[in-house]
Each structure stands twice: as structure tokens, then as C-alpha cells.
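Line by line, the protein sequences give chains U and S. For what it's worth, the working numbering labels the leading residue of the first sequence as 4, then goes sequentially. For what it's worth, the working numbering labels the leading residue of the second sequence as 4, then goes sequentially.
It should be emphasised that the hints constitute simulated quantities derived from the structure, not laboratory data. Errors might be hidden in some of the hints.
[Claimed, not checked] Pairs of lysine to any residue, SDA-like flavour, derived with a Cα cap of 25 angstroms:
1) Lys234/U <-> Thr537/U
2) Lys47/S <-> Pro301/U
3) Lys263/U <-> Pro377/U
4) Lys219/U <-> Gly36/S
5) Lys132/U <-> Asp108/S
6) Lys219/U <-> Gly116/S
7) Lys201/U <-> Gly21/U
8) Lys48/S <-> Ile300/U
9) Lys47/S <-> Leu327/U
10) Lys278/U <-> Ser14/S
11) Lys283/U <-> Lys47/S
12) Lys48/S <-> Ser158/U
13) Lys48/S <-> Glu160/U
14) Lys278/U <-> Lys48/S
15) Lys48/S <-> Leu381/U
16) Lys47/S <-> Asp159/U
17) Lys283/U <-> Ile155/S
18) Lys283/U <-> Arg13/S
19) Lys48/S <-> Pro123/U
20) Lys234/U <-> Ser14/S
21) Lys48/S <-> His282/U
22) Lys47/S <-> Asp137/U
23) Lys283/U <-> Phe52/S
[Unchecked claim] Facing chain S, from chain U, some residues (calculated, C-beta under 10 angstroms):
24) Glu160
25) Gly185
26) Val215
27) Arg229
28) Gly286
29) Asp299
30) Arg338
We put the CB at the ideal spot given by N, CA and C, even for glycine.
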Amino acid sequence: MTNYLRGGSILRIDLTEGRIDAEPVASRTDLFIGGKGINTRMLLAGVSPGTDPFDAGNLLLFGVGPLVGTPFPGACRTDVMAKSPVTGAFGDAGIGGHFGAELKFAGYDHLVITGISARPVYLYIRDGKTEIRDASFLWGRDTYETAELVRRDLSDEGADVLSIGPAGERLVVYASIQSAAGNAAARTGMGAVMGSKKLKAIAVRGSRSIGVARPKEFLAACRRLREVMEKSRYYEDVHARGLAGIHDREMRNLYELTGKGWEGAEAISEVEFQKQYLHKRVGCFACPVACFDSYDIPGAGGAGCMKCSPPGDLTWDVRNPDLLVCWQAFVSCQRYGLDARALSNMLAWLMELHERGIVSAADTDGIAMKWGSPEAILSLAKKVSYREGIGELLAGGLPGAARKIGNNSARYLLLAKGSPSDLHIGGIKTRALAAAVSSIGEDAQIQPALDMAAARRYLQTQDEAAFQEAMKRYKDRAEREVGMRDAPDPRITDGKAALVRHDEERTGVCDIAGVCTWMTSFLGLPVDAETIATFMSLGLGAEVSAGDLTRAALRMQHVERAFGAGLGLTRKDDRVSEAYHSLLRPNSHKRLAIGFSEADLEKMKDDYYELMGWDVKTGLPTRATLERCGLSDVADLLGL
Amino acid sequence: MYPFIAVDHRSCTGCKTCELVCSLYHFGECDPGRSAIRVIRREKKGLIFCLPLVCQRCEEAACIEACPTGALMRREDGGLIIDEDNCTACGICAEACPAGCLSLDAAAKAVIGCDLCDGEPQCVLFCHARCLREAESSGEDGKQRVACLVEILEQEGLPGGLPGRRVQ
Numbered sequence: 004m005t006n007y008l009r010g011g012s013i014l015r016i017d018l019t020e021g022r023i024d025a026e027p028v029a030s031r032t033d034l035f036i037g038g039k040g041i042n043t044r045m046l047l048a049g050v051s052p053g054t055d056p057f058d059a060g061n062l063l064l065f066g067v068g069p070l071v072g073t074p075f076p077g078a079c080r081t082d083v084m085a086k087s088p089v090t091g092a093f094g095d096a097g098i099g100g101h102f103g104a105e106l107k108f109a110g111y112d113h114l115v116i117t118g119i120s121a122r123p124v125y126l127y128i129r130d131g132k133t134e135i136r137d138a139s140f141l142w143g144r145d146t147y148e149t150a151e152l153v154r155r156d157l158s159d160e161g162a163d164v165l166s167i168g169p170a171g172e173r174l175v176v177y178a179s180i181q182s183a184a185g186n187a188a189a190r191t192g193m194g195a196v197m198g199s200k201k202l203k204a205i206a207v208r209g210s211r212s213i214g215v216a217r218p219k220e221f222l223a224a225c226r227r228l229r230e231v232m233e234k235s236r237y238y239e240d241v242h243a244r245g246l247a248g249i250h251d252r253e254m255r256n257l258y259e260l261t262g263k264g265w266e267g268a269e270a271i272s273e274v275e276f277q278k279q280y281l282h283k284r285v286g287c288f289a290c291p292v293a294c295f296d297s298y299d300i301p302g303a304g305g306a307g308c309m310k311c312s313p314p315g316d317l318t319w320d321v322r323n324p325d326l327l328v329c330w331q332a333f334v335s336c337q338r339y340g341l342d343a344r345a346l347s348n349m350l351a352w353l354m355e356l357h358e359r360g361i362v363s364a365a366d367t368d369g370i371a372m373k374w375g376s377p378e379a380i381l382s383l384a385k386k387v388s389y390r391e392g393i394g395e396l397l398a399g400g401l402p403g404a405a406r407k408i409g410n411n412s413a414r415y416l417l418l419a420k421g422s423p424s425d426l427h428i429g430g431i432k433t434r435a436l437a438a439a440v441s442s443i444g445e446d447a448q449i450q451p452a453l454d455m456a457a458a459r460r461y462l463q464t465q466d467e468a469a470f471q472e473a474m475k476r477y478k479d480r481a482e483r484e485v486g487m488r489d490a491p492d493p494r495i496t497d498g499k500a501a502l503v504r505h506d507e508e509r510t511g512v513c514d515i516a517g518v519c520t521w522m523t524s525f526l527g528l529p530v531d532a533e534t535i536a537t538f539m540s541l542g543l544g545a546e547v548s549a550g551d552l553t554r555a556a557l558r559m560q561h562v563e564r565a566f567g568a569g570l571g572l573t574r575k576d577d578r579v580s581e582a583y584h585s586l587l588r589p590n591s592h593k594r595l596a597i598g599f600s601e602a603d604l605e606k607m608k609d610d611y612y613e614l615m616g617w618d619v620k621t622g623l624p625t626r627a628t629l630e631r632c633g634l635s636d637v638a639d640l641l642g643l
Numbered sequence: 004m005y006p007f008i009a010v011d012h013r014s015c016t017g018c019k020t021c022e023l024v025c026s027l028y029h030f031g032e033c034d035p036g037r038s039a040i041r042v043i044r045r046e047k048k049g050l051i052f053c054l055p056l057v058c059q060r061c062e063e064a065a066c067i068e069a070c071p072t073g074a075l076m077r078r079e080d081g082g083l084i085i086d087e088d089n090c091t092a093c094g095i096c097a098e099a100c101p102a103g104c105l106s107l108d109a110a111a112k113a114v115i116g117c118d119l120c121d122g123e124p125q126c127v128l129f130c131h132a133r134c135l136r137e138a139e140s141s142g143e144d145g146k147q148r149v150a151c152l153v154e155i156l157e158q159e160g161l162p163g164g165l166p167g168r169r170v171q
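Next comes chain U alone, as it looks inside the complex:
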């Protein structure tokens, strides 16, 4: 049986023609394994450089990795990809929940959606059968209502539904694709691409099985892995409180690092908010962490599920001490289908412009964009999602908005590859490099831990000797992980490319296997390439090594880069916006030392391209590199 660990097929849907067909996934698994890997190759093959993100020819891809549908911890991820209206180039966002597993149980590993429907439609995918159904009764509905109405329309209460809200319908470039349970493919405007295709929702229901070659051993290995996870240092905390405790600590640490604390911030406590308002802890398919907190707060947003960054973004970063305001804004984003990080970034930008006198209340519909203003925070999600007032200006993207506002407003935009970054990334060297070389700009999953920890120690220690003493364990770990003892030293550029590569490898392997990266060292949990390889081997009944996985992840990055190369993107486009340089308030020589200059970034880019086997002058893959990993067809495509 060749279909172990697979749904079996790639489903292709042309919404212009109303055509549906399928092909076996097996032909694509050798080089790219699954999930984001296969998606990336299909995007390069299927979207020609001249295609506009909202053209019929853009592909909207959903890819589910091989471990999804098994009890492997955290194997629930679906990779969503298209040419992005945010970056104008590569677009990619991951989503958890139950959709991916359900899709595989329905017999599919990937969806390839192309064309534009003449009228609003939704898809119903069920055990090898797919219907394109009328969605005119859903158009205008938010994502909570849409899921409910779809299930009612299908008389299928258990169907898993992803949908877009008013933001996606209106092609707001920061539109997300949402489940009705807090999961979002939020970044790079995938919801806008879905809206451009007049595709309101996808409902999926599967009752087939996922084959496992060596079931007894797979199950026993799962049991052992769960035991190791449960003994991990942070497991108890994240299992009991989700991200609340970590957030509270990390946001304080990060603001201590950046030196941008503000009066009132000390009152922010997600842990306290959770104690007071928590409805229940919930989670994704096959996940033993269950990081979602669900709340039901009548009068302040109502019900929803939250995890990840919004509690930091919509409080600390916009100087709002009130988590109830954060919650209300967050639920709006969920219902309207809007990237909450894009919202907090644009809020902070407008607040900065207001503080500097570049915009006034008259420019923002009579609402003064003062730091922390509840009125400002609560009104913007709707305005952007519905393109009302100032929202119309922002909905087409922040660089365009800055051009219209003028007056040096672009200087304060925190963007990488055109995509809004989060404000607490703390402009240290690895973060700048990671965002600059990534295809999608800042990627919240790529956060090399070592130099961040070292940077904090550097600020805290009194003298060099104390710093070096504190650095010992980071150096030991760097030696093990990237073979360079000095890599964590926050003052030098040496080794930073290696740290970023190491982190890209960690997330890349997860993204092709369908595993949530939070199962890894990111949260102090034990899943790594070796672990995934072991389970792939047991599942497929054929040996898969960690090297096989990291090589597939590397191929995926070459192909991502080739997609950009086709659009004319080169080394010069690997940059971050000017505002990245002022993320650290340079009120001391120490903060100047851990930050980065243009020259630092260029030096780190040299190192990075060298590690990737890319041409240092152009930042593009060379034919030799591509041939070495079996991608001579990609070299041909690039005319190398």
C-alpha cells in the first residue's frame, strides 16, 4: 500500500469552469513530503509571474502533512498558500483546528483552488465527493454565522468549516480565513484571495481511514512521546494555563529588552484575566497541550477562543492596559475575518502618527488615535473589514496608506516584505535577519531563542565577566546546535545566520509534516526532526531519516526563493522597514550594541546566502545548489 499516512489525492477545483478533478498525491511526495512542501512546489508551477493575487489564475492551496490524522501530538496543521496581496509575492499562513484531519479522512491531502466563480459559492467536500454550492445566502455574514449556516444548509452538524468574513469579501488585504473556533490562517491575506474567488467557505467531512504501516509500534511510540512531553519543563504550565503565563513573562522581558515600557503596562496580566473570565480550555485535533482559552464575556465581545499573540499585541503594543478591550477587538477580528496582528500593527502606527502630529482626529473619522484609546482600538477592526472611513485607506495595505498620508508617515511603518510585523520583536540581529530573508516577512514561528536570551543577559549583567559567565550555557548549546560557540553573542553578526537557519529548519520540518511548531523547543517541548522521522518511518513502513526531512525543508525554501526570483526579487529586496531600527530605544550603548545597522544586516545576509548555497551577489539559488538537491527543473525554470 503506497498511501500510508495519506488521504490519497490532490483535489483540484476550478471555480470559473465549475470543474472538479483529482490526482494521486503520491507523485509529489518524494521530494517535498507533504503539507507546505508540496504546496510550495505547486504554487511555483501553477502561478505565473504576471498573475495578480486577485486574478483567476492565482492558486489558493490547502496542504495537509502526512502525520495529520494520526495521534502524533499536535499533528493538526493545514498550510494555506497563494500569491499574496500583502507581499505581492509569496503568501503563506498555517491554521490548526480540525480541518486538516477532516480533509484527510475525506480522502484528500491537498486542495488546489483556481478560477473565480461568477457568484458566491461554498464547497462541500465529503468522502471523495465535492459539491460547489450556492453561497449567496452567506455573503455578508461573519465567520461565526457562516459556519453555523453552512452546517444547517448541509444538515451536517459535525462538518468542519473554514470561511471568510466581511473583510475577505471586500478584498481587504489583511483578511484571514477562519474556523468558528479561534483558528485562523491570518497572515499574508489568504482570506482576500479566497474572497477574490467568490469562495465564502469550505465545509469538509470525512469518514475514511488513514493507514499506518506499523500500528502497534506507532501507538507505543506515541505513548512514549507523550510521556516525555508531560515531563518537559514547561508542559505543566502551558497545559494548565495555555500561553497566558508565558505571555505575561515574555512581554515583560521583551519590553525590558526594548526599553519601551510605558506607565500602566505593569497592570497587564493575562493570567489574572484568565482566572476571572475563563470559560474553558480547548485545543486542536490530536493536541495534548490545548493552548486555546475560550471566554464568554457578555457585553465585552461575547464568546470566542484565543491563543497566541493577540493578548500581547492588542495590549502592550498599543499601550492598552485593559484586556477586556483587547478581547473585544480580538473577537471582532475573528468574526470579520481580519488578521489581528495586522490590526495591532496599524493601530500602533496610527497612534504613533497621532502622537507626532502627522494625523489628527479629523483624518481618522473624528476619533483621536491616542495610545491606548479604547475607542480607537474598538472601532478600527470594523472600519477596516468593511472599508469604512479611514478603514478604506488601510484596507488596501499600509504602504499605500502611507503614500497617501505622506508627511514621512512611511518612516514609522513596521513592515518586512510589505507585511506588518509585531511590535515586540525587539530589533535584535537574528530577528532582523529572519524577517529580511523570509518570503513572507516577519514569521512569528522563527524566533531563535539563544541570542534573545543572551541579549537580555547582556543588558542585565554589570560587567563583561558576569556576562560571559551567564553566556556559558548559551554558548554550549550553540556549539551543539550550530557548531559556533559565539553565535549567541548579541553584539556580533557572526553566527546569526546559522541561528536563523537552525530555526528555519525546525519549523520547515514541522510545516511539511503537518505538526504544530509549538510541540518543539519553541515551547520547550521535545519534538524535533528526529522525532518526526521516527513516526514517519513507522507510519510509512519505510525508513525516513531526519536528514530526509531537513533536505525536503531546504528544497521547499529554494522553491520559495525561486517563486520570488520569478517576480524579479533579489538580494536588495531582503530588507526590513526603517522602523525596525528604532525598535530598541537606543538610550544606552548596550542597546546600540544588540541592535543592528544596515551594514550588520548586509553582513548577516552574506552569511545566510552562503549557508543556503545561494549567490551572494543576487541572493538567488545557483544551478549547482538546485541540482544538488534534485531541483534541476527549478533551475531550468529560472533560466540559470
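On the provided structure of chain U, position chain S as indicated by the hints.
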């Protein structure tokens, strides 16, 4: 006194790992439809409701009483025995359970009774949320346990159980 799997749905996070490990253990594949335990998971107005349903091993079992061919019997330890020669997979037993705790295997046309995995229930071992646990029945309270599950379903506005008519 005999063992059964007690359910406290309040802490269930809806991960459905129990379904996967049940099917993997018994049938060697990952198939939530071939599992003795089923998680009813519903997204409703922003919240998520989860309830795992598994045979509560009632003393006077509606499923056994309803079986038209006498193929369903009780083991000494409270578990169900399915006489496969006589089972016609009509589904009447599954419909008879007020909470829908009995699963039907559509693929093999058979009833899936919970056998507690030969003394080491996999679903309990894997339940990170500790909403499943192995407990001892007094030998009299099975129906009460099922009635509690029915009440939870009714409170949520879900049609009374019945995998045959599929709350799932």
C-alpha cells in the same frame, strides 16, 4: 463491581486522540469512525462543546434488550460480547442506547463494544485532559450514568444520542 470508563466532559478539549488510539489499537488504522469512543464536538457561537461517549456498561442495558437476534450479550466483567455470526448490523442496539454510547462500524458492518483494551484502556492512557478515567461500577448505577450523559446532550440542544442517527 466491574470497571468502566467514566467521563467528565468539562475538561475535554476536543482533541479526539481517544478515537484515534482506539481505532489504531483495535483495527490498526486511524479511523475515528471505527472507535468504541466518540467525541461529540460542536462549535457554537464562538464556544466549543465536547463530550466523549463510550459504553457505560449498564447492568440492564437497553442495547442488549433491543437486539432482535440475541447477538449482543454481557461478559462477566460488564463488557459486551458480540456474536458476529448472529449480528446483522441492523443498528437497533446503537439506536436503543439513550446517549448513543455504542458505535457502529460502518465499514465492517458490526457493533464496536468497548473491551477496555484488555485491561489498559488506550483512551484513558492518552487523555491529557484527564476527562476519561477508569472507574468501578457499583453494579447498579449504569443507567444513571447514561441518563447523565443524555442530560448533558439535551442541555446543549443536541438530539438524544444515537450514533445511528448520528449526533456525531
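Right, here's what the structure says about each hint:
Proposed proximity of Lys234/U and Thr537/U is supported: the alpha carbons are some 20 angstroms apart, at most 25 angstroms. A hinted pair counts as satisfied when its Cα atoms are at most 25 angstroms apart, and Lys47/S with Pro301/U qualifies at roughly 15 angstroms. A C-alpha spacing of about 20 angstroms is found between Lys263/U and Pro377/U, which places the hinted pair at or below 25 angstroms, so the restraint holds. With a CA separation close to 19 angstroms, the supplied pair Lys219/U and Gly36/S stays within the 25 angstroms bound.
For a cut-off of 25 angstroms, the pair hint linking Lys132/U to Asp108/S stands: about 21 angstroms separates their Cα positions. Taking the CA atoms of Lys219/U and Gly116/S, the gap is about 20 angstroms. The hint holds against a cut of 25 angstroms. Note on Lys201/U and Gly21/U: the hinted pairing holds, with a Cα-Cα distance of about 12 angstroms set against a maximum of 25 angstroms. A hinted pair counts as satisfied when its Cα atoms are at most 25 angstroms apart, and Lys48/S with Ile300/U qualifies at roughly 12 angstroms.
Between Lys47/S and Leu327/U the CA atoms are separated by roughly 21 angstroms; this keeps the pair inside 25 angstroms, and the hint holds. Distance restraint check for Lys278/U and Ser14/S: the Cα-Cα separation of roughly 16 angstroms lies within the 25 angstroms cut-off, and the hinted pair is therefore satisfied. Using a Cα cut-off of 25 angstroms, the hinted pair Lys283/U and Lys47/S holds, with the two alpha carbons roughly 14 angstroms apart. Taking the CA atoms of Lys48/S and Ser158/U, the gap is about 17 angstroms. The hint holds against a cut of 25 angstroms.
Note on Lys48/S and Glu160/U: the hinted pairing holds, with a Cα-Cα distance of about 13 angstroms set against a maximum of 25 angstroms. With a C-alpha separation of about 22 angstroms, the suggested pair Lys278/U and Lys48/S falls inside the 25 angstroms cut-off, and the hint holds. A C-alpha spacing of about 20 angstroms is found between Lys48/S and Leu381/U, which places the hinted pair at or below 25 angstroms, so the restraint holds. In summary, the hint linking Lys47/S to Asp159/U is supported, as the alpha carbons are separated by about 14 angstroms, within the 25 angstroms threshold.
A C-alpha spacing of about 16 angstroms is found between Lys283/U and Ile155/S, which places the hinted pair at or below 25 angstroms, so the restraint holds. For the proposed pair Lys283/U and Arg13/S, the alpha carbon gap of about 8 angstroms is at most 25 angstroms, so the pair holds. Between Lys48/S and Pro123/U the CA atoms are separated by roughly 23 angstroms; this keeps the pair inside 25 angstroms, and the hint holds. A distance of roughly 20 angstroms separates the Cα atoms of Lys234/U and Ser14/S; the hinted pair therefore holds under the 25 angstroms criterion.
The hinted pair formed by Lys48/S and His282/U meets the criterion: a straight-line CA distance of about 13 angstroms does not exceed 25 angstroms. Our distance criterion of 25 angstroms between C-alpha atoms is met by Lys47/S and Asp137/U, whose separation comes to about 23 angstroms. Simply put, Lys283/U and Phe52/S have alpha-carbon atoms about 10 angstroms apart, close enough for the 25 angstroms limit, and the pair holds. Interface hint at Glu160/U: satisfied, since its Cβ lies 6 angstroms from the closest Cβ of chain S, which is below the 10 angstroms cut-off.
Because the beta carbon of Gly185/U sits about 8 angstroms from the nearest beta carbon in chain S, less than 10 angstroms, this interface hint is met. The beta carbon of Val215/U is positioned within 10 angstroms of a beta carbon in chain S (closest approach about 6 angstroms), and the interface hint is therefore held. Hint status for Arg229/U: holds, given a least beta-carbon distance of 7 angstroms to chain S, under 10 angstroms. Taken as an interface hint, Gly286/U checks out: its beta carbon lies about 4 angstroms from the nearest beta carbon of chain S, inside 10 angstroms.
For Asp299/U, the shortest C-beta to C-beta distance to chain S is roughly 6 angstroms, which falls under 10 angstroms, so the interface hint holds. Because the smallest distance between the Cβ of Arg338/U and any Cβ of chain S comes to about 8 angstroms, under 10 angstroms, the interface hint for this residue holds.
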